[in-house]
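*Asks:* We have chain A; now place chain B onto it with these hints.
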Amino acid sequence: AQSVAQPEDQVNVAEGNPLTVKCTYSVSGNPYLFWYVQYPNRGLQFLLKYITGDNLVKGSYGFEAEFNKSQTSFHLKKPSALVSDSALYFCAVISGFQKLVFGTGTRLLVSP
Amino acid sequence: ETGVTQTPRHLVMGMTNKKSLKCEQHLGHNAMYWYKQSAKKPLELMFVYNFKEQTENNSVPSRFSPECPNSSHLFLHLHTLQPEDSALYLCASSQDQVGAGNSPLHFGNGTRLTVT
Chain A
4 AQSVAQPEDQ
14 VNVAEGNPLT
24 VKCTYSVSGN
34 PYLFWYVQYP
44 NRGLQFLLKY
54 ITGDNLVKGS
64 YGFEAEFNKS
74 QTSFHLKKPS
84 ALVSDSALYF
94 CAVISGFQKL
104 VFGTGTRLLV
114 SP
Chain B
67 ETGVTQTPRH
77 LVMGMTNKKS
87 LKCEQHLGHN
97 AMYWYKQSAK
107 KPLELMFVYN
117 FKEQTENNSV
127 PSRFSPECPN
137 SSHLFLHLHT
147 LQPEDSALYL
157 CASSQDQVGA
167 GNSPLHFGNG
177 TRLTVT
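For the record, the sequence lines run as chains A and B. Going by my numbering, the first sequence wraps up at 115, each residue one higher than the last. Going by my numbering, the second sequence wraps up at 182, each residue one higher than the last.
Simulated from the structure, these hints should not be mistaken for lab results. Do not take every clue at face value.
[What the hints assert, rightly or not] The list that follows gives simulated cross-link-like pairs (lysine to any residue, SDA-like), each with its CA atoms no further than 20 Å apart:
id, chain 1, residue 1, chain 2, residue 2
1, B, Lys88, B, Arg129
2, A, Lys102, B, Ser104
3, B, Lys107, A, Asn44
4, A, Lys61, A, Lys102
5, A, Lys52, B, His143
6, B, Lys107, A, Lys72
7, A, Lys72, A, Tyr35
8, B, Lys106, A, Lys52
9, A, Lys102, B, Pro108
10, B, Lys107, A, Ala8
11, A, Lys61, B, Lys88
12, B, Lys107, A, Asp12
So that you can see chain B by itself, here it is in the shape it has in the complex:
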């Protein structure tokens, strides 16, 4: 068990659907992240939250909408996605925001998203 739990593990959605990805961390960390992992490409940082406040939006299209109600939970709301958005979406947490204390990231197992 990684300490970071993501649900669902797999999601298939049409381009007009609305769905949400959920992430929960049990590590007492202060920072949480969403990453997108596509084959043969580096991990793409999407959003960063530190103490529940969004500190980074890495030019992500508005069809992806994050929400962080508290330091332990992070959501990614999805709306009118495109087929090229199909990927593995990884949630991660760290004690301090990376760049401040250089704490390592702890990742969940990801949600495999397929947009049809």
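The shape of chain A in the complex, shown without the other chains:
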């Protein structure tokens, strides 16, 4: 069965510092991986996806994610955090024609 783990309930970072939100996955075939962000009182917004090709994927708002097959990870990164990046971040994975599976989410808090 497919699964996604986001090991941190919350990540705290100071504005201007780099941020990383962790995600690991388990699938039986080739994974397709996604990151979504949810701001307060809003639905989820698509940030970026990995399907194939370059392991470093660039997305919206300056975010990027690195696919690491050997570590089965897809961590979300940003070189310089903004207070406005504070939100709930979800990793998701799908393989083949199975269901898209979401993680439990990581709350990112960027302090001024």
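*Replies:* Same frame as chain A, now just chain B:
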């Protein structure tokens, strides 16, 4: 504006009430979804419609009844709900059903449902 509109934004209902949630997408997508979001839990897929046809019912209790009259509209009819059904209900759409083209999902802002 997300391109996916959900109404109402908030709903409080008693356990004996009947109410409906509405979702409309303006993106020309072919697939629509209902998800349930509860605190500290992964998003739960409830129903999937592709070209107006239901392609997935993820073991959802019959007190939740979906309806998809066309590719742009999706409803979730609610009847005799339980307090544990209180959650944020999210509608989403995608160009193709996820798993076929791996199109990203576009979500509405959700309906916050409270069952008293």
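*Asks:* Hint by hint, which ones does the structure fall short of?
*Replies:* 4, 5, 6, 8, 11
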